[in-house]
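Following the hints, complete the assembly by docking chain B onto the known chain A.
One line per chain: the protein sequences are A and B, in this order.
When you line the first sequence up against the working numbering, it's residues 9 to 262, in that order.
When you line the second sequence up against the working numbering, it's residues 9 to 262, in that order.
Hint data in this document are derived by calculation from the structure and do not stem from the laboratory.
Some hints here could point you the wrong way.
Since copy identity is lost for identical chains, a pair holds within one copy or between any two.
As the list claims (entries may be wrong) - The calculated SDA-like cross-link candidates involving lysine to any residue, where the alpha carbons are at most 20 Å apart (straight line), are:
id, residue 1, residue 2
1, LYS177, GLY79
2, LYS80, ALA31
3, LYS10, GLN33
4, LYS80, LYS241
Since we're looking at a predicted model, the values are computed, not measured.
There are 2 protein chains.
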Amino acid sequence: MKLYVIGLGPGNPDTLTSQAKKALQACGTIVGYTVYVDLIRPHFPHKEWISTPMRQEVDRCRAAIEAALSGKDVAVVCSGDAGVYGMAGLILELLESYPAEQVCRLETQVIPGITAACGGAAVLGAPLMHDFAVISLSDLLTPWEQIAQRLALAAQGDFVICLYNPASKKRADYLQKACDIVLQYQPGETVCGLVRHIGREGESARILSLSALRDTPADMFTTVYIGNRQTRKIHQWMVTPRGYQIPGRKEEAH
Amino acid sequence: MKLYVIGLGPGNPDTLTSQAKKALQACGTIVGYTVYVDLIRPHFPHKEWISTPMRQEVDRCRAAIEAALSGKDVAVVCSGDAGVYGMAGLILELLESYPAEQVCRLETQVIPGITAACGGAAVLGAPLMHDFAVISLSDLLTPWEQIAQRLALAAQGDFVICLYNPASKKRADYLQKACDIVLQYQPGETVCGLVRHIGREGESARILSLSALRDTPADMFTTVYIGNRQTRKIHQWMVTPRGYQIPGRKEEAH
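Just chain A, with the same shape it has in the complex (with noise of 0.2 Å):
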């Protein structure tokens, strides 16, 4: 009668938190979409796999809900952290139709993860370390207005802005249109961040521009960052200073 929802990290098991691994460990039954679950299987013999392909996220779920309540232990996994645009909230949402004695007989808990936001950071130096915005382009559940808005806001705030899910094939542009959004407000120097695949095979990341970063292709194995304007390149590194005072260092103009 457990349902745990699970983050697994950005995709490599070495981030998988402990707790994580031993939720999966006790579970008997996992779920997932395809892509995730072969990622993990082979680490994790002898459970029962149900997985389905993306846009069937409710089908999912809902499977997931009913083989706990049948009895089951079942772990739903995401990559990343699972309350991130993961499953979390759906699972959640799915339970409220389900009267509170039943819900009460799961044991249910979301189990976090790293975030891509946060493992793509760590590739790229230390873009996060003032305040920041978590903005998906994907339009599929959000109006277009509203994403647009957010962007307007978040770079009138001198955010730092980490894009998920910056383009798709239907989307080709959406990070064009984005970074023109931010252009509006924010210098073209300033210093941004790509990262792909993080922490997986073949990861790589860059460090450009925002006048270049709204003409580079992105695609939906990328997540992207916009420095705000403090953030400098460190080396080979994206770095937003916190505002320490550095004693014996040149203080720059502001």
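Here is chain B on its own, set in the frame of chain A:
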């Protein structure tokens, strides 16, 4: 010559990733703020420990760099994620004053951890399922006017807002001031949450309205979540729907 900056997660050693654990095992010297060092010291015997109190971050990080340059393998530890209000940025900033050839010889790596935003969200349910802003209310290194502006813009954009450092002894009324700003844009019934001592002994959580949050005391061990206009309480959880269509559910008017 290793220099790792490691996020420990919320505090319980169970929230460490395997990657972070291996890195800690590989290092002979561990550097950190006294409180965090004491949390993990029992789990990593036979190490050299360098700890300094709060507000001595620059000295602490410089000591870590000097130890690594002298040939030691050094881990700088932070609670949560090293890249979110942690030490990753300061370490990289301090490396700026060293010549590139010296920096190249150091094997510098940031190892991510579960940041409080994600750790606390998992305790509450799923408050961060949609676009969110992370804002620290500490004005030690950031002018209050900038914090206030960011709060206003994030509220205008209907971002879920996660607040770090919501109050301290000297800043007893900062959470109240922050809520007053958000209340200019969001209704008093907005669903909010508080988590104290995430993942540690004495962990506690509470879900309450924005109006009630305004009059609730908080401290440096508290992480605060202000929902967006879709955030709801479902059973005992705080949930921000992502927007999935759930067949058979009565659709609410927006």
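Now the hints, each set against the structure:
In this assembly of identical chains, LYS177 and GLY79 lie within 20 Å of each other by CA distance neither inside one copy nor across copies; the values are 41 Å within and 48 Å between. In the homo-oligomer, the alpha carbons of LYS80 and ALA31 lie at most 20 Å apart inside one protomer (13 Å), although the nearest pairing across protomers, at 36 Å, exceeds that limit. Taking the shortest Cα distances, LYS10 and GLN33 sit within 20 Å of each other inside one copy (12 Å), while across copies they are farther apart (33 Å). Within a single copy, LYS80 and LYS241 get their C-alpha atoms no closer than 50 Å, and across copies no closer than 26 Å, so neither meets the 20 Å cut-off.
Hint compliance for this structure: hints 1, 4 are broken, all remaining hints hold.
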